[in-house]
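Asks: Chains as they are written, first to last, in this note's numbering: chain A, 2 to 394; chain B, 2 to 394.
Hints listed in this document are in silico derivations from the structure and should not be mistaken for laboratory results. The reader is advised that the hints may include incorrect statements.
A pair holds if it fits inside one copy or across any two, identical chains being indistinguishable in the list.
What the hints assert, rightly or not - List time: in silico DSBU-like cross-link candidates among lysine-lysine, alpha-carbon distance up to 35 Å:
no., residue 1, residue 2
1, LYS224, LYS88
2, LYS282, LYS5
3, LYS54, LYS184
4, LYS88, LYS221
5, LYS184, LYS5
6, LYS54, LYS345
7, LYS88, LYS102
8, LYS133, LYS102
9, LYS5, LYS50
10, LYS224, LYS102
11, LYS345, LYS221
There are 2 protein chains.
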Amino acid sequence: MSIKSFHPPQRILMGPGPSDVSPRVLEALSRPTIGHLDPVFVSLMDEMKVLLKYAFQTGNELTMPVSAPGSAGMETCFVNLVEPGDKVIVCQNGVFGARMKENVERCGGIAVMVQDDWGRAVDPQKLEDALKANPDTRVVAFVHAETSTGAQSDAQTLVAIAHKYHCLTIVDAITSLGGTPLKVDEWNIDAVYSGTQKCLSCTPGLSPVSFSAQAQEKIKNRKTKVQSWFMDLNLVMGYWGGATKRAYHHTAPINALYGLHEALVILQEEGLQNAWARHQKNHLALRAGMEAMGLKFVVPEHERLPQLNAISVPEGVDEAAVRTILLSDYNLEIGAGLGAMAGKVWRIGLMGHASNPRNVRLCLGALDDVLGRLNAPIHHGVAVDAANQQLVD
Amino acid sequence: MSIKSFHPPQRILMGPGPSDVSPRVLEALSRPTIGHLDPVFVSLMDEMKVLLKYAFQTGNELTMPVSAPGSAGMETCFVNLVEPGDKVIVCQNGVFGARMKENVERCGGIAVMVQDDWGRAVDPQKLEDALKANPDTRVVAFVHAETSTGAQSDAQTLVAIAHKYHCLTIVDAITSLGGTPLKVDEWNIDAVYSGTQKCLSCTPGLSPVSFSAQAQEKIKNRKTKVQSWFMDLNLVMGYWGGATKRAYHHTAPINALYGLHEALVILQEEGLQNAWARHQKNHLALRAGMEAMGLKFVVPEHERLPQLNAISVPEGVDEAAVRTILLSDYNLEIGAGLGAMAGKVWRIGLMGHASNPRNVRLCLGALDDVLGRLNAPIHHGVAVDAANQQLVD
Chain A
2 MSIKSFHPPQ RILMGPGPSD VSPRVLEALS RPTIGHLDPV FVSLMDEMKV
52 LLKYAFQTGN ELTMPVSAPG SAGMETCFVN LVEPGDKVIV CQNGVFGARM
102 KENVERCGGI AVMVQDDWGR AVDPQKLEDA LKANPDTRVV AFVHAETSTG
152 AQSDAQTLVA IAHKYHCLTI VDAITSLGGT PLKVDEWNID AVYSGTQKCL
202 SCTPGLSPVS FSAQAQEKIK NRKTKVQSWF MDLNLVMGYW GGATKRAYHH
252 TAPINALYGL HEALVILQEE GLQNAWARHQ KNHLALRAGM EAMGLKFVVP
302 EHERLPQLNA ISVPEGVDEA AVRTILLSDY NLEIGAGLGA MAGKVWRIGL
352 MGHASNPRNV RLCLGALDDV LGRLNAPIHH GVAVDAANQQ LVD
Chain B
2 MSIKSFHPPQ RILMGPGPSD VSPRVLEALS RPTIGHLDPV FVSLMDEMKV
52 LLKYAFQTGN ELTMPVSAPG SAGMETCFVN LVEPGDKVIV CQNGVFGARM
102 KENVERCGGI AVMVQDDWGR AVDPQKLEDA LKANPDTRVV AFVHAETSTG
152 AQSDAQTLVA IAHKYHCLTI VDAITSLGGT PLKVDEWNID AVYSGTQKCL
202 SCTPGLSPVS FSAQAQEKIK NRKTKVQSWF MDLNLVMGYW GGATKRAYHH
252 TAPINALYGL HEALVILQEE GLQNAWARHQ KNHLALRAGM EAMGLKFVVP
302 EHERLPQLNA ISVPEGVDEA AVRTILLSDY NLEIGAGLGA MAGKVWRIGL
352 MGHASNPRNV RLCLGALDDV LGRLNAPIHH GVAVDAANQQ LVD
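From just these sequences and the hints, can you work out the full model?
Replies: Now the structure itself:
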């Protein structure tokens with residue numbers, strides 16, 4: 002046995018995440034490790050909270066990164082806010098709603114599913130109907146930006162309906178944070194979780210979360226212990242919280258946090274509004290190119306996420322072959338369909354650092370080339386020009 | 002608000018972990034991010050399993066890093082192997098046994114505690130007595146290398162006793178992996194978890210685990226679902242396992258895995274036996290210096306961990322003041338006591354990359370200086386020489 006150092010190829014990441022990571026973030030990862038109880042590290046944690054509050058647009062004191070990927074952020078929300086016997090309405094319009102149901106049930110809760118078509122936003126009326134039919138519901142959960150389909154739901158309206166029926170809300174903002182408006186305080190979201198590897202353009206592995214005062218109240222007054230020791234916010238807060246003396250809980254992933262700090266500094270420098278506008282602009286350019294080619298979006302225009310573009314695979318085209326050639330000939334990664342959409346769509350991310358005109362042009366040009374080679378029924382040689390026009394406008 | 006990039010100081014990490022990280026590992030972290038489903042990344046995962054099997058000395062197919070810190074590795078073992086109503090004997094001789102108890106109870110299990118003095122190894126006779134008194138026990142759990150006290154238990158003997166009573170075994174090897182002999186197959190350990198930030202000298206944030214065929218059998222035949230979705234090995238195996246088609250579970254922490262891969266390549270280059278011998282040699286040098294100064298070890302000689310040295314604070318000395326001066330004047334981090342040992346001991350790590358003669362000399366010289374300034378009752382100016390003699394021998 003003799004395994005050598007691993008040197009990855011230089012990809013362009015335009016799938017559903019991870020997205021291209023800024024060189025500044027990569028460099029930050031390699032800074033010297035310090036102890037997780039070092040006073041200098043504690044100052045980093047304080048700054049991290051300020052930066053995350055800005056990204057989430059919240060004043061919530063309980064705002065921090067969970068030391069594990071987005072699915073652990075999701076689980077942190079559910080295990081802390083759902084107690085055995087609690088009824089939870091889950092609005093599902095893609096893969097991640099199903100994962101929420103799993104979480105509810107593994108907490109001993111009762112999941113009531115409200116189904117919407119994949120590729121569409123969650124229908125507020127269906128949620129209200131479900132709440133009327135289930136007045137004992139405690140929590141409403143939904144995905145703000147469905148990574149599996151590219152659909153965006155109206156989080157503000159859904160939260161308002163949930164609150165009318167005295168429910169707490171859990172919102173999946175994995176793909177929305179930093180890419181499309183997300184206003185935790187203005188929308189009165191109670192619990193929200195995200196990932197670092199989407200529109201923050203950081204490496205995967207951490208999950209920013211934020212909890213309202215109402216959510217914290219519920220956690221403090223639980224009748225049962227949180228079933229996860231690692232994710233128990235009553236304990237985590239002793240470390241990340243504003244306590245005068247921080248209590249050791251677990252060893253924080255120091256260098257990963259350097260990376261997230263740098264990604265959030267970059268976001269602060271650009272400004273959240275500017276980042277949202279940039280994602281929208283590059284999305285419109287990609288759309289112009291796709292439409293010029295004759296390719297179609299899965300999601301209706303007013304429900305589309307700018308950072309995740311689900312495109313229908315043209316009839317007769319082997320979608321996996323296209324992705325394989327893009328990767329081998331262009332070092333370009335785009336995403337496959339997930340769940341019910343497997344084989345039917347491509348998911349093209351324009352997230353964070355990767356949301357830029359160069360990537361829009363590269364992706365369109367590469368798709369034009371590869372689809373041409375495979376004799377797909379598209380209009381050739383027009384996509385990049387169409388995008389350029391949009392970028393100039 | 003205007004927060005700047007974070008530039009940590011260059012510390013020397015001789016606490017209970019994180020330990021000094023090799024520059025090779027830091028550089029690996031900053032390599033370009035690729036997708037978690039990229040074929041090249043899949044080859045990295047395959048290599049990672051081979052390297053971890055070597056480090057654990059096992060042929061277990063279910064050997065991989067959990068995408069979260071060591072406490073999540075611990076929880077992964079308990080939530081998968083303990084079902085509601087299962088009786089679990091936990092041998093406690095430090096802080097981490099108490100955390101095991103928490104895990105058992107949060108899984109709905111019944112924890113039977115076997116207590117040993119802090120700073121001592123687990124007594125095999127007490128375990129056997131407890132098993133005789135509790136013939137319905139399903140699992141025995143203990144800490145191989147207690148990070149809170151520096152005591153090492155005889156894992157092979159404890160596992161053999163547990164098996165005599167038909168119990169599965171969960172072994173905490175957070176601080177032992179790579180630093181002191183740990184032979185998962187030869188000792189017949191069923192489930193073992195470790196951390197990356199101790200003797201592997203990698204950054205914190207991942208938890209290598211390994212499960213025997215018997216443990217896997219138990220997991221496959223559970224009557225209840227694993228309460229954690231994120232940690233459910235039935236699902237994780239679809240991604241990390243040998244399946245022909247890997248199923249997406251969660252987004253792996255790509256760059257953190259680059260770091261662990263590099264740390265394991267370094268371990269393979271040195272050779273496990275050589276790494277163990279190096280830890281022992283540097284421990285003996287530190288011991289010679291400490292004893293020359295008149296400082297005393299907490300743990301009896303035959304139960305000491307070479308990589309974690311718990312030293313009694315001399316009477317009248319303000320232990321926190323010593324650590325503060327070491328950090329400010331020498332950039333040297335050593336650890337405080339934890340739990341019942343808070344205020345009474347220092348924990349000096351010689352782990353992984355940090356286990357080297359330069360650090361031994363630096364630590365002894367710095368302690369000599371600082372204790373002198375504080376008028377502590379020690380023998381001055383002899384420690385480094387004593388260590389040097391040991392290093393030459």
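Asks: None of the hints should be skipped; say for each whether it holds.
Replies: Structure-based check of each hint:
1. Both within a single protomer and between protomers do LYS224 and LYS88 lie at most 35 Å apart by alpha-carbon distance, with minima of 15 Å and 24 Å respectively.
2. In this assembly of identical chains, the alpha carbons of LYS282 and LYS5 lie at most 35 Å apart only when taken from different copies (28 Å versus 43 Å within one copy).
3. For a Cα distance limit of 35 Å, the shortest separation of LYS54 from LYS184 inside one copy, 10 Å, qualifies, whereas the shortest one across copies, 46 Å, does not.
4. For the identical chains of this complex, LYS88 and LYS221 are neighbours both inside a copy (19 Å) and across copies (29 Å), given an alpha-carbon limit of 35 Å.
5. Taking the shortest alpha-carbon separations for LYS184 and LYS5, only the inter-copy value of 24 Å comes in at or below 35 Å, while the best intra-copy value is 46 Å.
6. Taking the shortest Cα distances, LYS54 and LYS345 never come within 35 Å of each other, neither inside one copy (38 Å) nor across copies (39 Å).
7. In this assembly of identical chains, the alpha carbons of LYS88 and LYS102 lie at most 35 Å apart whether taken from the same copy (11 Å) or from different copies (30 Å).
8. When the C-alpha separation of LYS133 and LYS102 is checked against a cutoff of 35 Å, the pair qualifies only within one copy, where the shortest distance is 20 Å, while the shortest distance between copies is 42 Å.
9. In the homo-oligomer, the alpha carbons of LYS5 and LYS50 lie at most 35 Å apart only across protomers (14 Å), although the nearest pairing inside one protomer, at 39 Å, exceeds that limit.
10. In this assembly of identical chains, LYS224 and LYS102 lie within 35 Å of each other by CA distance both inside one copy and across copies; the values are 22 Å within and 20 Å between.
11. Taking CA atoms no more than 35 Å apart as the test, LYS345 paired with LYS221 passes between copies only; the shortest distance there is 33 Å, against 45 Å inside one copy.
Checked against the numbered hints given earlier, this structure breaks only hint 6.
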